[in-house]
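Colleague: FYI, the numbering for the sequence shown is 406 to 587, going by this note's numbering.
Among the hints, erroneous ones may be present.
Unchecked claim - Computed beta-carbon distance windows for the label pairs:
1) E561 - E437: 28 to 36 Å
2) V456 - L512: 13 to 21 Å
3) E561 - T490: 30 to 38 Å
4) R547 - E441: 17 to 25 Å
Keep in mind that the hints were calculated from the coordinates and are not lab data.
We put the beta carbon where it would ideally sit given N, CA and C, even for glycine.
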Amino acid sequence: MIELPSDDLCVLNASRIVLSPMVASDADELFELLVEPSLYEFTGGAGPVSVEELREQLRKWESRHSPQGNELWLNWTLRLRGTGTLVGYVQASIRGSRAELAWVVGLPHQGKGYASEASQSISEWLRARLGVEELRANIQARHLASQAVARKLGLEKTPKMSGDEEVWSSAPGLTLGRAEAH
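Using the sequences and the accompanying hints, generate a full structural model.
Modeller: What follows is the structure in structure tokens.
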């Protein structure tokens with residue numbers, strides 16, 4: 406099983422947000438962000454059915470490992486520095502030297518650069534702490550905001566597809582871009 410630093414060492418401080426490992430006690434606040442149906446316009450699916458269902462999912466994710474133990478499943482909540490307002494989350498699935506990133510920012514907080522800022526902070530941490538060399542993100546072709554986040558990370562669209570999503574990737578060893586705060 407892949408070793409991971411303690412949760413205390415996984416708290417990241419970006420300029421406007423604090424990223425903390427997601428835990429079951431985040432379910433109430435997270436549910437309020439994730440229940441909005443239009444949030445899933447580009448990703449498909451739907452939000453959690455209940456706070457209890459979400460809390461159970463977060464409990465499973467607290468292990469920080471895939472069920473088989475061959476991947477790290479890291480999830481961070483994004484909170485505004487100063488107010489502590491929860492604005493979204495970022496996921497990273499790590500296998501070997503590759504990390505797949507996904508980001509979700511609640512509707513009231515979109516368009517402010519939080520996904521870019523958080524993803525940049527996480528990518529730097531993944532490279533420094535876990536030796537990640539390549540980042541990937543699977544993005545729906547019409548999701549221009551997520552494509553912009555990927556570009557700020559230094560990712561480029563590849564010819565590959567993952568289901569109906571385009572695969573965006575950094576080349577191994579590529580110096581990743583810096584996020585620009587809006």
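Colleague: Taking the hints in turn, state whether each one holds.
Modeller: Each hint, compared with the structure:
Checked against the hint of 28 to 36 Å, the C-beta distance between E561 and E437 comes to roughly 35 Å, which is consistent with it. Between V456 and L512 the Cβ separation comes to about 19 Å, which falls inside the hinted range of 13 to 21 Å. Separated by about 33 Å at the C-beta atoms, E561 and T490 satisfy the suggested range of 30 to 38 Å. Hint check: R547 to E441, Cβ distance near 18 Å, so the stated range 17 to 25 Å holds.
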